[in-house]
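Protein chains: 2
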Amino acid sequence: MPCKVEILSVGNELLFGNTVNTNASWIAAHVTSLGAAVSRITTVPDNLKEISHAIRESLRRKPDFLITTGGIGPTFDDMTLKAVARALKVPLRVDKSALAMVQEHYARRFPNRKITLTRPRLKMARIPARAKPVRNPVGTAPAVRVTVKETQVFCLPGVPKEAKAIFRESASKAILAKTGGMIFAEKWLRIRGIMESSLAPIIDRIMAKWPKVYIKSHPRGVEGGGRPFIELHFSISSSDPKRAEKILLDATRDLADRLKNSGANIGPVR
Amino acid sequence: MPCKVEILSVGNELLFGNTVNTNASWIAAHVTSLGAAVSRITTVPDNLKEISHAIRESLRRKPDFLITTGGIGPTFDDMTLKAVARALKVPLRVDKSALAMVQEHYARRFPNRKITLTRPRLKMARIPARAKPVRNPVGTAPAVRVTVKETQVFCLPGVPKEAKAIFRESASKAILAKTGGMIFAEKWLRIRGIMESSLAPIIDRIMAKWPKVYIKSHPRGVEGGGRPFIELHFSISSSDPKRAEKILLDATRDLADRLKNSGANIGPVR
Chain C
26 MPCKVEILSV GNELLFGNTV NTNASWIAAH VTSLGAAVSR ITTVPDNLKE ISHAIRESLR
86 RKPDFLITTG GIGPTFDDMT LKAVARALKV PLRVDKSALA MVQEHYARRF PNRKITLTRP
146 RLKMARIPAR AKPVRNPVGT APAVRVTVKE TQVFCLPGVP KEAKAIFRES ASKAILAKTG
206 GMIFAEKWLR IRGIMESSLA PIIDRIMAKW PKVYIKSHPR GVEGGGRPFI ELHFSISSSD
266 PKRAEKILLD ATRDLADRLK NSGANIGPVR
Chain D
26 MPCKVEILSV GNELLFGNTV NTNASWIAAH VTSLGAAVSR ITTVPDNLKE ISHAIRESLR
86 RKPDFLITTG GIGPTFDDMT LKAVARALKV PLRVDKSALA MVQEHYARRF PNRKITLTRP
146 RLKMARIPAR AKPVRNPVGT APAVRVTVKE TQVFCLPGVP KEAKAIFRES ASKAILAKTG
206 GMIFAEKWLR IRGIMESSLA PIIDRIMAKW PKVYIKSHPR GVEGGGRPFI ELHFSISSSD
266 PKRAEKILLD ATRDLADRLK NSGANIGPVR
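One line per chain: the protein sequences are C and D, in this order.
Letter by letter, the first sequence follows residues 26 to 295 in this note's numbering.
Letter by letter, the second sequence follows residues 26 to 295 in this note's numbering.
Source of the hints: derived by calculation from the structure; they are not laboratory data.
A hint or two may mislead.
Okay, the calculated bits of chain D under chain C, using three or more residues with CB under 8 Å as the criterion [to be verified]:
#, region
1, 95-103
2, 111-117
3, 171-181
4, 219-230
Pulled a few chain C residues facing chain D out of the computed Cβ check, cut under 8 Å [to be verified]:
#, residue
5, 146
6, 242
7, 276
8, 279
Note that beta-carbon positions come from the ideal geometry of N, C-alpha and C, so glycine has one too.
Using the sequences and the hints, build the whole thing.
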């Protein structure tokens, strides 16, 4: 069983379409490179019911990790932690070490000013009972970590710089501890001059021969003269990096052999 | 009740993180501009069970539209239509007009060659019973449309150029027919020199005064000298464009008034 990770992105701006969800793809790429598999990404609005439903649904699928982004700041529509509390049926409460983190942050940023702990500021230290705050090295609101049965939940901020920094410092380590050094290896090939529908049965045969290798074709369109242009992504997860590389190489060579007389060209992508 | 739209993105590449889900944000932006609201975006892998579960879950939430992208091509891992059939408990079958669309496409693209209808090519014409094929003006695989109780389902290809062309030709018209000319208006403001935690209670007051206006703050970091920098997004959905613009203008002016003595600067973003 691979280590399964779900991502829950919270934010109306993602559903308005004026913000592209680069947090999710950044986290997904990092999770993949740690040898775990992202099994689902869900995006919901800043709505308490929607967020807590999505959290409950995710926990029911029992991923090893659930990583949320967004909704942990000081404004009225930052309600991810309230939703976590509701999904877990625990109260929200001001956490002492979370409060210390918020205060330290203001003291560091405004050394010459006294920053009153207003309600919105205090809000950032209100976290679900049972949860632990996680240091935010580049922003105000601490992240939050809580374990629910088999799932470790991390709630990260929506600001990309903060989400990435906290992921690197905390979630990535927890995932690596779980996967125990699985690696993900990949290769891209560019194929010109064969239609995806002609390539499909060849890919089937290669995947049957190399069952650990996953191959996905991405049609990139048609070039001048009507020559189709496809990118193929080969990937494999393994605990043995050298062996993984060898299998990928063998599989791509197998493809080259099978295409020898088809008139297609093969080349690397990146 | 606003017209609710869900997006279901299918594709391992989105969960590997090597492809950013720009299809979802493009569709979301267009849905929003048509006066409807995207209520959820879900991304699942190329896995029959995962896709059909996600479709069933979505239908249970009864959105007006469910738009899927990806998984309708000729390769073995294109299984969105099979998943739709499974979720709807209907068989897949070769649809005559879908087959005609596939054949026409090949005849247009390769006028001097006879293209055999191999299994992978025939696959693109196999659609769920009750569904209707939708013309793909720029690619091979037709899209698919099927109504399930209160939900109109559109299955679009994953290739962005194709997804966009078909959305414009079909789904957008169906959404517009449903919203009946609702519009979405927005304004961005850039605020410098006030912390998000200080701005939060002011935003609360403005939203209480202008209940149709939704305001979201996006902290963009701290500038030289420790001046915080925030972008504020004001938005409103309305059937009356002029009135919507007027309300947005009033709400942003209200904010400017309230910030007059705070030392903060306000300016437009775009």
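Unmet hints by their number, sorted upward, for this structure: 2, 3, 7, 8
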